[in-house]
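One-letter residues, chain by chain:
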Amino acid sequence: MTAADLSFIKHEADNLFRRKRLAGFGLPAVLLLYLAYVFVAFDLQSLAQRANLDNAVTLVSDSWSHKVHVTRDNRTGQIDYSVEGERKGRYTEGQRPDWVTGDEITTIDLGDGYVVRYLPENSTEIEIPGFQLIQVQAEGRKLTSNLPETLPNWISASDRRIGITTPEGRITLTGARTEVFNYFPGWELFWFTLDSPYYGQSLGTILFGERLDPARSNIVGAFSDWWNNAMWRHKDVAWAIGETILMAFLGTMGAAIVALPLSFLAAKRFSPIMLLRASTRRLFDFVRGVDALIWTVVLARAFGPGPLTGALAILITDTGTFGKIFSEALENVDQKQIDGVASTGAKPLQRYRFGVIPQVVPVLLAQILYFLESNTRSATIIGTITGGGIGLMLTQAIQTQKDWEEVAYYIVLIICMVMFMDWLSGKLRTKLIGRKE
Amino acid sequence: MTNTTMGMTLSGVNAIQSSYLAQVQRRRLYGGLALLIFVVLMVSGFNIADDRNAGGFWEGLHQIGDYPADVLSEAWEKRADMPALILRYFPALVETINIAAVSTLIGAIGGLFLSLLGTRGLAKWPRLIPVFRRISDIMRAVPEIVIALVLIFVLGGGPVPAMIAIAIHTAGALGKMFSEVAENTDLKPVEGLASTGATWLQRMLLGVLPQVAPNYISYALLRFEINIRASAILGFVGAGGLGYELRNAMAWGPGRFDEAGAIFILLFGTIVFFDQLSSRYRNRLIEGQNQ
Numbered sequence: 113m114t115a116a117d118l119s120f121i122k123h124e125a126d127n128l129f130r131r132k133r134l135a136g137f138g139l140p141a142v143l144l145l146y147l148a149y150v151f152v153a154f155d156l157q158s159l160a161q162r163a164n165l166d167n168a169v170t171l172v173s174d175s176w177s178h179k180v181h182v183t184r185d186n187r188t189g190q191i192d193y194s195v196e197g198e199r200k201g202r203y204t205e206g207q208r209p210d211w212v213t214g215d216e217i218t219t220i221d222l223g224d225g226y227v228v229r230y231l232p233e234n235s236t237e238i239e240i241p242g243f244q245l246i247q248v249q250a251e252g253r254k255l256t257s258n259l260p261e262t263l264p265n266w267i268s269a270s271d272r273r274i275g276i277t278t279p280e281g282r283i284t285l286t287g288a289r290t291e292v293f294n295y296f297p298g299w300e301l302f303w304f305t306l307d308s309p310y311y312g313q314s315l316g317t318i319l320f321g322e323r324l325d326p327a328r329s330n331i332v333g334a335f336s337d338w339w340n341n342a343m344w345r346h347k348d349v350a351w352a353i354g355e356t357i358l359m360a361f362l363g364t365m366g367a368a369i370v371a372l373p374l375s376f377l378a379a380k381r382f383s384p385i386m387l388l389r390a391s392t393r394r395l396f397d398f399v400r401g402v403d404a405l406i407w408t409v410v411l412a413r414a415f416g417p418g419p420l421t422g423a424l425a426i427l428i429t430d431t432g433t434f435g436k437i438f439s440e441a442l443e444n445v446d447q448k449q450i451d452g453v454a455s456t457g458a459k460p461l462q463r464y465r466f467g468v469i470p471q472v473v474p475v476l477l478a479q480i481l482y483f484l485e486s487n488t489r490s491a492t493i494i495g496t497i498t499g500g501g502i503g504l505m506l507t508q509a510i511q512t513q514k515d516w517e518e519v520a521y522y523i524v525l526i527i528c529m530v531m532f533m534d535w536l537s538g539k540l541r542t543k544l545i546g547r548k549e
Numbered sequence: 002m003t004n005t006t007m008g009m010t011l012s013g014v015n016a017i018q019s020s021y022l023a024q025v026q027r028r029r030l031y032g033g034l035a036l037l038i039f040v041v042l043m044v045s046g047f048n049i050a051d052d053r054n055a056g057g058f059w060e061g062l063h064q065i066g067d068y069p070a071d072v073l074s075e076a077w078e079k080r081a082d083m084p085a086l087i088l089r090y091f092p093a094l095v096e097t098i099n100i101a102a103v104s105t106l107i108g109a110i111g112g113l114f115l116s117l118l119g120t121r122g123l124a125k126w127p128r129l130i131p132v133f134r135r136i137s138d139i140m141r142a143v144p145e146i147v148i149a150l151v152l153i154f155v156l157g158g159g160p161v162p163a164m165i166a167i168a169i170h171t172a173g174a175l176g177k178m179f180s181e182v183a184e185n186t187d188l189k190p191v192e193g194l195a196s197t198g199a200t201w202l203q204r205m206l207l208g209v210l211p212q213v214a215p216n217y218i219s220y221a222l223l224r225f226e227i228n229i230r231a232s233a234i235l236g237f238v239g240a241g242g243l244g245y246e247l248r249n250a251m252a253w254g255p256g257r258f259d260e261a262g263a264i265f266i267l268l269f270g271t272i273v274f275f276d277q278l279s280s281r282y283r284n285r286l287i288e289g290q291n292q
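Going down the list, the protein sequences come from chains B and F.
The opening residue of the first sequence carries number 113 in my numbering; numbering runs sequentially from there.
The opening residue of the second sequence carries number 2 in my numbering; numbering runs sequentially from there.
It is worth saying that the hints were derived from the structure and are not from the lab.
Treat the hints loosely; a few may be bogus.
[Claimed, not checked] Only pairs whose alpha carbons sit at most 20 Å apart, straight line, appear in this in silico SDA-like list of lysine to any residue:
1) B:K514 to F:G157
2) F:K177 to B:M531
3) B:K436 to F:F274
4) B:K543 to F:Y31
5) B:K436 to F:G33
6) F:K177 to B:W535
7) B:K543 to F:G46
8) B:K132 to F:L286
9) B:K132 to F:Q203
10) B:K132 to F:P215
11) B:K543 to F:L37
12) F:K177 to B:K514
13) B:K132 to F:L206
14) B:K347 to F:I49
15) B:K539 to F:G32
16) B:K543 to F:G33
17) B:K347 to F:G46
18) B:K514 to F:L278
19) B:K514 to F:L37
20) B:K179 to B:E196
Model the full structure from these sequences, guided by the hints.
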């Protein structure tokens, strides 16, 4: 080896190192530059102003707690008690929570020494530990109170509206009505609404106790009251989850059924005609490229909103994907097995049945089951667009912006549903094609 | 003597044959039953879905072509405006692609850490492996739309909620795929590095990453394809980008179908383009590995 060779090699090595160093620093630099560009493009610097942290606080606190409204209509003097202020959660006539007492003077004990008293003639007294006794009188649309000039930041007051936020609950007063919100942890009325005889009964009483509703046996009645709970709508939720899984199931299986014969046309070994092969492949590429979003939009025009539209959108998109995967699997089939079957005198159809299918079935099944799980997630998303299933219920609950406990409930259910489908498809996979390796 | 052996073998063969036939019959029965159950499930499922749909399947079937035909014919009538429209929606397209790219990038980094921390032999804290696996399972299970809708409520509309939502899902999904690759890594370089006193980060960076990089990049590219679709769909529920424009254009109805048409074309072209690009690059990565 001459000195010239050596210096050439050295030169080459230097170049290599320089290139590597450039890549080592250049790549992160490009990424950083890109992120900086996105930072500007997404307008992240003003995100802090746009973000509504109050919304976040309501969301988090509402998702695990509920409030009971005690509302006095100042015109009629009538006092209503309802959970979350909803008609469905209203206490029946003559019933009220046990932290409210008194007839002439209604005393609302919020706990920890916080007490609100609804006095006759539309006046209200609020006792707050470490603060003066607040007295408010409503007259017509005006409020007069004994609040001092300088107020702590948990009280907001004008002559039309007074709002007081305490750690034990919230009080708002206007000329027309006086409202107290008492907060409790947990999802109220999850099992039974207030009009059900089973409300507030322990599990033991329902299972083994006296008959609470003379017309029905306890277990049947309790189940039907829970199932038809107007507040949480367990029946509708169950149907919605069923619809979402149905969309995923119909879409995935339908796509597999459509794609299997077509994939033979697209595989080189089974389809000698070039034109047919190429056009089938282009068809697969086309339906895949159009994407579930556009299919959903197009199909919703023809079939209207509902689970069928979602199922068909999944079916069409996945036909393309399956077609591609299946035809690739068919191309990689081992010829020896087909020859073996052919040597016994099998006809072409039998050759496919016993020579090809057993080889590709594990691949196909694995893909189908994987897509079944992933399509459950897609079906949730498509449901929000086409209007079906749990996705729609979630969107509606979020759009009303008040039932955050229901939103939390749906989210938990969706996650459980997807994990269940994941588990199920894994289980079926090991059952049908055995464990990997 | 010979006769008795013959007789025994013959009866043995007969026994084997009959038991084989019985087995075949049983398998056929089970197969047939499974097929029957499957068909019943499909048919009844289809009927339920058909019942709960606003429009029926058979009534709607012949209308499938109507909407695309309307859009296409109107787009064709106004084909002179098409380039201008495509140019107008190009920034929205860029936003959609940006959402997908950034969320893939962030998700891939998250997935990288989740996979390394959740793989036996590589984890920094072996006791916490199940924890990291569960984390990545849960992140994978949450559909993007759930996080996106909640974040839109808190952060307002725009690309950021979609980006975060897709990134979280991507991290979970890639975490699983990455860790399947990481399980097959050769641990010798890691041990060699450990013997020189390398820290965990150095061992991963110099010992593991060079082995897994082609597969990781290939999976990340596949995810990028998926995320472009996801980011278009999330736009439809208010997260900005092309999906958002599509919803607005569709709300206009007839007369403005050319806008919807332009968006369809852009979306279709983008998806096909990135599919081709990434599949070409992925093939190259995998070929390079096999050499």
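Hint compliance check: list the failing hint numbers for this structure, sorted ascending. 5, 7, 12, 18, 19
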